[in-house]
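Chemist: Sequence:
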Amino acid sequence: MAVRLPFIRAGICAISLFAVSQPAHAISVEDARSAIDAILMQSGISATEIDARALDGDAVELIYDSVKLDLSGYSEPRQLLMDDVQVTVRDTDNPSHIDLDIKLPERAKMDAEATSDQRDMTMRNAGGYLRWDIARNVPITFDGFANALIGDEPVTRKHWMMNGLVIQWLPELARISWQAAEWTGANREKRGSIKSTSFVLYPGDDGATHLDYAHDGLWLPSLIQPRTVRIKSSSDGLPWTEAQPIIQQGFYDILTGTAPRVARRQIGDALWQRAAHNGAPVKVDEFYVESRGLEALGAGEFLAQAAARYGFTGSFDFKLLGQDKLVDLLGTPDSPTLLGALVPFAVDSLAAGRPGPQGTMEYDGELLPDGRVVVNGMTVFRTADGS
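Numbering of the sequence shown is given in my numbering, commencing with residue 1 and proceeding in unit increments.
Hints in this document: simulated from the structure, not taken from any laboratory. Please note that the accuracy of each hint is not assured.
Here are the computed distance ranges between Cβ atoms for each label pair [to be verified]:
id, residue 1, residue 2, range
1, Thr332, Pro369, 49 to 55 Å
2, Asp334, Ala180, 39 to 45 Å
3, Asp101, Ala135, 17 to 23 Å
4, Asp117, Ala214, 28 to 34 Å
5, Leu81, Ala214, 44 to 50 Å
6, Gln86, Ser196, 25 to 31 Å
7, Ser72, Leu170, 21 to 27 Å
8, Ile150, Thr332, 43 to 49 Å
9, Gly293, Asp58, 56 to 62 Å
10, Ala341, Ser66, 24 to 30 Å
11, Gly371, Ile231, 25 to 31 Å
12, Ala180, Tyr288, 17 to 23 Å
Once the Cα atoms are required to be at most 25 Å apart in a straight line, the calculated SDA-like pairs of lysine to any residue come out as [to be verified]:
id, residue 1, residue 2
13, Lys68, Asp31
14, Lys190, Tyr129
15, Lys109, Tyr129
16, Lys68, Lys103
17, Lys68, Ala26
18, Lys109, Asp58
19, Lys283, Gly257
20, Lys109, Thr122
21, Lys283, Asp269
22, Lys103, Asp37
23, Lys319, Asp212
24, Lys319, Tyr213
25, Lys283, Ile150
26, Lys109, Glu153
27, Lys158, Glu182
28, Lys190, Ile150
29, Lys103, Met161
30, Lys109, Ser46
31, Lys190, Met161
Note that the coordinates shown come from a computational prediction; the quantities given were computed from them, not determined experimentally. From the three backbone atoms N, C-alpha and C, an ideal C-beta is built for every residue, glycine too.
The task is simple: from the sequences and hints, build the whole structure.
Modeler: This is the structure:
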């Protein structure tokens, strides 16, 4: 008996530890349905449940048809319509949180009164993972993805497409990125394309908000186009604790039907308001631009000001490599090309550059409150009213 007692005690301890390590209870179909109904109502989505079943005792799968999401921010009212949307609901270690695994169908439709506003949607391997706080009825984290998103206008055959879309927000990160995007005019006339785009917001070690933006392979039907851009910026006066709720709300707006360009503007306006209120500069720690054989590398510092024509004033400096290509494009003050004659301020500033090693040209610039851009003391851009 004395020998068996330690084994009995060890067995009881093992059973206790196993019990503690397990979830308090598996989510029921009814609990999952109630949670999804609350999320749909909160997000302005209507749907008809066509199936619900428990999976292996620790998850619930629900399938919805007639999913309808009203879209905002467009010229006319639009709706996104889908069938066969699959949602798998799981418990988490926190009784107030649930995890959702969302799988979207391959076909959907953007409906509108005007035929020209309608779109036939193709969504390949599209979905996301969402952690939701059921106590506060708010999202916590989200990872969305799509191998491809394609929108076709059925009459004019305009279309847009992007591959490798990622939309992500976490407590310490917000990201949107995609690859191989293109868009067309009527009858698939190519109007633009881009190889890749990445937009990331995150806190630095000091808690300041950082923004990294990059795109590669931009093509537009124009002479001057920044084909490659890299920007790293930060603001000590815009703490992540202030920026994060603004960014999360913007991402949530996109996912619940706000046009992406409108949501981006709302995020930008709200962040600008905070930066202007705090009065601290936004630092462009590094920027790189490449366009048709020209390269520029520099840095700058800008201050958000309500009185400024473009919302900011500031200064920047950069080095330009490939000035000979710019001369070919714009000409010189004495002999401008046709394009140079249209933008004489740019030609004048080109002559004001200071030559450096290997043909590098160094420039100092300013963005003035009235909207003028001055480079090496010469105005290279002014508004249409001449200011």
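Chemist: Now, for every hint given, state plainly whether the structure supports it.
Modeler: Hints, one by one, checked against the model:
Checked against the given bound of 49 to 55 Å, the beta carbons of Thr332 and Pro369, roughly 31 Å apart, lie outside it. Against the hinted window of 39 to 45 Å, the Cβ-Cβ separation of Asp334 and Ala180 comes to about 44 Å, which satisfies the hint. For the pair Asp101 and Ala135, the supplied restraint of 17 to 23 Å holds, since their beta-carbon distance comes to about 21 Å. Distance hint for Asp117 and Ala214: a CB-CB separation of about 32 Å, consistent with the stated range 28 to 34 Å.
Between Leu81 and Ala214, the C-beta spacing of about 34 Å breaks the proposed range 44 to 50 Å. Roughly 30 Å separates the CB atoms of Gln86 and Ser196, a value that falls within the hinted 25 to 31 Å. At about 26 Å, the CB distance of Ser72 to Leu170 agrees with the hint of 21 to 27 Å. Under the hint 43 to 49 Å, the C-beta atoms of Ile150 and Thr332, about 47 Å apart, fit the expected range.
Under the hint 56 to 62 Å, the C-beta atoms of Gly293 and Asp58, about 59 Å apart, fit the expected range. Ala341 and Ser66 have their C-beta atoms about 59 Å apart, which leaves the hinted 24 to 30 Å range violated. Between Gly371 and Ile231 the beta carbons are some 21 Å apart, a value that contradicts the proposed interval 25 to 31 Å. For the hinted restraint 17 to 23 Å between Ala180 and Tyr288, the CB-CB distance of approximately 22 Å keeps it satisfied.
Taking the CA atoms of Lys68 and Asp31, the gap is near 23 Å; set against the 25 Å cutoff, the hint holds. Our distance criterion of 25 Å between C-alpha atoms is broken by Lys190 and Tyr129, whose separation comes to about 34 Å. With a C-alpha separation of about 22 Å, the suggested pairing of Lys109 with Tyr129 holds against the 25 Å cut-off. About 15 Å separates the Cα atoms of Lys68 and Lys103, which keeps this hinted pair within 25 Å; it holds.
At most 25 Å may separate the alpha-carbon atoms for a hinted pair to count; Lys68 and Ala26 exceed this at roughly 30 Å. With a CA separation close to 33 Å, the supplied pair Lys109 and Asp58 exceeds the 25 Å bound. Annotation: proposed proximity of Lys283 to Gly257 is violated, straight-line Cα distance about 32 Å (limit 25 Å). Between Lys109 and Thr122, the direct Cα distance comes to roughly 8 Å. Compliance with the 25 Å bound is thereby established for this hinted pair.
A hinted pair counts as satisfied when its Cα atoms are at most 25 Å apart, and Lys283 with Asp269 qualifies at roughly 17 Å. Between the alpha carbons of Lys103 and Asp37 the distance comes to roughly 17 Å, so the proposed pair stays at or under 25 Å and holds. For the hint linking Lys319 to Asp212, the alpha-carbon distance of about 20 Å falls within 25 Å, and the restraint holds. Proximity of Lys319 to Tyr213 is assessed by CA-CA distance (about 20 Å); at most 25 Å being required, the pair is judged to hold.
For the hint pairing Lys283 with Ile150, the CA-to-CA distance comes to about 37 Å; that exceeds 25 Å, so the pair is violated. A C-alpha spacing of about 10 Å is found between Lys109 and Glu153, which places the hinted pair at or below 25 Å, so the restraint holds. For the hint linking Lys158 to Glu182, the alpha-carbon distance of about 11 Å falls within 25 Å, and the restraint holds. At most 25 Å may separate the alpha-carbon atoms for a hinted pair to count; Lys190 and Ile150 meet this at roughly 15 Å.
Between Lys103 and Met161 the CA atoms are separated by roughly 20 Å; this keeps the pair inside 25 Å, and the hint holds. Distance check on the hinted pair: Lys109 and Ser46 sit about 15 Å apart at the alpha-carbon level, within 25 Å; holds. At most 25 Å may separate the alpha-carbon atoms for a hinted pair to count; Lys190 and Met161 meet this at roughly 12 Å.
The structure does not agree with the numbered hints 1, 5, 10, 11, 14, 17, 18, 19, 25 stated previously, though it agrees with the rest.
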